[in-house]
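K.L.:
Each chain, letter by letter, is given below.
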Amino acid sequence: MNNDITPPGAGADSSAGRPATMDWDRFSEVTGGDEETMRELIELFYRQTTQQLSQIEAALQAGNADDIRRVAHSCAGASATLGMVHLVPLLRAMEKQAAAGDLNEAPTLFQSAKHEFKQIQLFLATQPGLSSIQAP
Amino acid sequence: MKKVLIIEDDQIVGNVYRNKLTVDGYEVQTKPDGESGLEIINSFQPDLVMLDLILPNMSGIEVIRAIRTSPTLGRVPVVVFSNTYLTNLIQDAWKAGATKCLSKSSCSPKEVLEVVHATIGQSGSVPQALPAVGLSPEQKAKNPGSPTETDAEFQADLRKTFIDSLPATLGVLRQNLQGLTRAPNEIDRLKLIYELYRRIHALSGNAGIAGLVQIAHMAAALEALLKELYEKPKNINQSTLRTVAASVDFLGTLFERGTLPEIQQTPSANVLVVDDEAISRRAVVYALEKAHLKSVNVEDPATALKLLTENNFDLVFLDVDMPGMSGFELCTRLRNLEHQKRTPVVFVTSLNDFDNRTSSMMAGGNDFIAKPFLFIELTVKALIHILRSKLPPLVK
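Top to bottom, those sequences are chains A and B.
The first sequence stops at residue 136 when you use the working numbering, and every number in between is there.
The second sequence stops at residue 1396 when you use the working numbering, and every number in between is there.
Calculated from the structure, these hints are not laboratory results.
Some chain B residues close to chain A (C-beta under 7 Å, calculated; not the full set):
| id | residue |
| --- | --- |
| 1 | 1277 |
| 2 | 1278 |
| 3 | 1279 |
| 4 | 1280 |
| 5 | 1283 |
| 6 | 1321 |
| 7 | 1371 |
| 8 | 1372 |
Straight-line C-alpha distance at most 35 Å; calculated DSBU-like pairs for lysine-lysine:
| id | chain 1 | residue 1 | chain 2 | residue 2 |
| --- | --- | --- | --- | --- |
| 9 | B | 1306 | A | 96 |
| 10 | A | 96 | B | 1234 |
| 11 | A | 114 | B | 1232 |
| 12 | B | 1234 | A | 118 |
| 13 | A | 118 | B | 1290 |
| 14 | B | 1232 | A | 118 |
| 15 | B | 1234 | A | 114 |
| 16 | B | 1003 | B | 1110 |
| 17 | B | 1095 | B | 1234 |
| 18 | A | 96 | B | 1232 |
| 19 | B | 1110 | B | 1160 |
| 20 | A | 96 | B | 1290 |
Even for Gly, the Cβ is constructed at its ideal location relative to N, Cα and C.
Bound conformation, chain A alone (with noise of 0.2 Å):
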C-alpha cells in the first residue's frame, strides 16, 4: 500500500478580498484550487448557463411554467455547485414560482439573472488565467 501523500499542484487562492459575486472557497473546493480545472468548468458552466438562459427565455415567451420550473432547477444546482451565491436565489425563486404556475414576477426575475451572469463574467475576468474565456 502506498501511504505517500503526493505533493499538490497549484494551490487554491485565498477567498480573502473577493467580491461575493461568488463564493471563493467554494469554487476553490470543487476545482482543488488548479488553474485548468477552473477553466474547464468555467467554460462549461458559460456555455451552460448561456443556453439555459435562451431556454428559460423561450419558455417565458411561450408561457411554459414547468420548463421554466425545471431549467431553472438544473441552472440553480450547477450554479450553487460551484458557488455563484447571488445567482442562485434568482433561478430559485424562478423555480418555486413556476412550480406554482406564477409567471408574473418571472421576466423580472430573468433579466435579473441575466444581468447576475454578466457581473460574474466581468468579475472572472479579472482572475489570473480565467481572463481569456468568453461566453458563446
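With chain A fixed as given, assemble chain B onto it according to the hints.
P.N.:
Same frame as chain A, now just chain B:
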C-alpha cells in the same frame, strides 16, 4: 546516535512510534503539542521531526513554519502525519516546508520506520532490547517490541488492545452524538462538534496503527467532515448532521463486524452517477475521486437503466429532477432488476426538497444528500454504503 523528535498529542500513537524507533537504536523524545516540542527542539537538536498536523492549540502547520525559520534547524526533515481527506491541510503542509506527508490512517509502525530509514538513514547505534515478555497487550502498546518479537506479533497485540477498547469508545461517541442532536444553541453545538472531531481524530490514528484499515478510513473521512463543519458552521444543516449521525452509527457496525484481519483493505467499488446536468455530475465524480472511488457517469436516465440492466454496481447516485425519467422512477425500475435489488441508491436533491425523502424511500432509495453538498459529505456517504455492502454477515 541519530535523534528523532515526535510531536503527537495522542499518547498511544506517540508511544508506539517512540518505542519502535528506540528499539531500532534511535534516541527519541515525544512531546504532546507544538509549544512543548519547539521548547526543546534547540537543545535536543533532532535529525528528524515527526509531526501530527492536527494538534491542540498551535497547529502542525505553525510548527513547520517555526522550524523552517530557525537558523540552526531550518533544514531538518519534517515528516508529517495527516488525513488524506484533508487536502487543503496537506497543501498547506507542503507549502510550509514538510519533507514528507504520510496518511495516519493507513500507515503501520513498520512503514513509519522505513520512512525514517529512507530519510535519515539507520540509527547509527546498536538496536536496544526492551522487555516484552509477560506484559499485557496494553503495556505492550506502551512498551512494544523486543528485537525478537516479530512485527506481525506486535501488530496483533496492538489490534487486540484496540479492539478490546472499542465498546467503551462507541459509548463515548454515542453520548457525544446524543448531546449534539440535543444541543440547545449554536455555541454548544459547535463545542460538541469539536469534541467529536477530536475523538474521531484519535480513533482514526489508533485504528491506523492497529492495522484496522476500514475503521481508520471511515474515521478519517468523518474527521474531515467534522473539521469542515467546525471551521465553517454555515455548512451545518439537516443533511450534514444526518450524515454525521449515520457515520457514528456505521462506526458501531464496523466495531462489531469490521475488525477481521482478512477484510482490512479498502474495497474497490463500481459506482454509477446519473445527473442530466454536467456540473453537478462532475461534482459527484470529483467527491468520489477523493475516496479513490472510480465511477461511470451518465446524463441520460434511459442510458443509465441500460447500464444497470447489463452491469453490477456497488452504489448509485441519482439526481431526482431529470427530463424523461425522474430519479425516483429510475430507482423503482432498477429495483425490478434481480441483480440490483440490494444496490445502495443515494438521491442527490436540493436542500429545499429534503421532504422528498418520503418519496425517495417509497421509490426504494437508501439515502439522500442535499445539493449543493460538501464534497467530504458525499465522500463519507459513499464510504458508508460501500463498506457496509461488503461487510461479512454478523455471526451471533
